[in-house]
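Novice: Sequence:
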Amino acid sequence: MGDKFSLLYRGYNFHPKNVLVAGNENEIIKVPIVGIITKYRDLKILFDIRLDVRKKCPIMEDLNTKHKEENLLPNQLKSLNLNIKDTDLMYIELIGD
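Residue numbers (our numbering): 5 to 101.
By construction, these hints were calculated from the structure, which means they are not laboratory data. Take the hints with a grain of salt, since some may be wrong.
Simulated crosslink set (DSSO-like; lysine-lysine; CA at most 27 Å straight-line) [what the hints assert, rightly or not]:
id: 1; residue 1: Lys82; residue 2: Lys48
id: 2; residue 1: Lys82; residue 2: Lys72
id: 3; residue 1: Lys43; residue 2: Lys82
id: 4; residue 1: Lys70; residue 2: Lys21
id: 5; residue 1: Lys72; residue 2: Lys89
id: 6; residue 1: Lys70; residue 2: Lys82
id: 7; residue 1: Lys8; residue 2: Lys82
id: 8; residue 1: Lys72; residue 2: Lys34
Label pairs and their in silico Cβ distance ranges [as the list claims (entries may be wrong)]:
id: 9; residue 1: Leu93; residue 2: Val38; range: 15 to 21 Å
id: 10; residue 1: Lys8; residue 2: Glu73; range: 24 to 30 Å
id: 11; residue 1: Glu97; residue 2: Glu65; range: 16 to 22 Å
Where is the CB? At the ideal position from N, CA and C, for every residue including glycine.
Could you put together the complete structure from these sequences and hints?
Specialist: Have a look at this one:
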């Protein structure tokens with residue numbers, strides 16, 4: 005992990021581009037899903053979404069959400085030589101519950 009923050013690649017969605025850029029009604033774009041782990045003073049803070057495509061919730065189906073085993077949170081943290089117990093504070097946004 006770097007001195008300030010690291011991105012955790014959690015998968016991706018497909019959105020109509022006009023959700024992000026006006027005037028692009030028919031174009032579909034691939035949008036990454038990321039979490040962030042940041043170091044602030046002596047704290048490691050995790051900002052993430054609770055993403056579980058196995059639940060097949062409507063928003064994830066509508067956006068064609070995809071992720072692989074390597075995109076699961078424990079595996080992304082492991083790639084930084086961290087585990088969930090190394091975090092001091094977590095902000096988790098619930099999607100699809």
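Novice: Can you confirm whether the C-alpha distance between Lys72 and Lys34 stays at or below 27 Å?
Specialist: With a Cα-Cα distance of about 15 Å, the restraint between Lys72 and Lys34 holds, given a limit of 27 Å.
Novice: Given the hinted pair Lys8 and Lys82, is their Cα-Cα distance within 27 Å?
Specialist: It holds: about 18 Å lies between the C-alpha atoms, which stays within 27 Å.
Novice: So if I understand the rule, the pair passes when the alpha-carbon distance is 27 Å or less; does Lys82 with Lys48 pass?
Specialist: Distance ~15 Å between Lys82 and Lys48 Cα, so the pair holds.
Novice: Tell me if the straight-line CA distance from Lys43 to Lys82 falls inside 27 Å.
Specialist: 16 Å, holds
Novice: For Lys72 and Lys89, compute the direct alpha-carbon distance and say whether it is at most 27 Å.
Specialist: 23 Å, holds
Novice: May I ask you to test the hint 16 to 22 Å on the CB atoms belonging to Glu97 and Glu65?
Specialist: 18 Å, holds
Novice: Would you check the hint for Lys70 and Lys21, treating anything up to 27 Å between C-alpha atoms as holding?
Specialist: Within the cut-off at roughly 18 Å; holds.
Novice: Is the Cα-Cα distance between Lys82 and Lys72 27 Å or less?
Specialist: With a Cα-Cα distance of about 15 Å, the restraint between Lys82 and Lys72 holds, given a limit of 27 Å.
Novice: For Lys70 and Lys82, compute the direct alpha-carbon distance and say whether it is at most 27 Å.
Specialist: 20 Å, holds
Novice: The hint says 15 to 21 Å between Leu93 and Val38; measuring C-beta to C-beta, is that right?
Specialist: 18 Å, holds
Novice: Would you say the C-beta atoms of Lys8 and Glu73 sit inside 24 to 30 Å of each other?
Specialist: 28 Å, holds
In this structure, none of the earlier numbered hints is contradicted; all agree with it.
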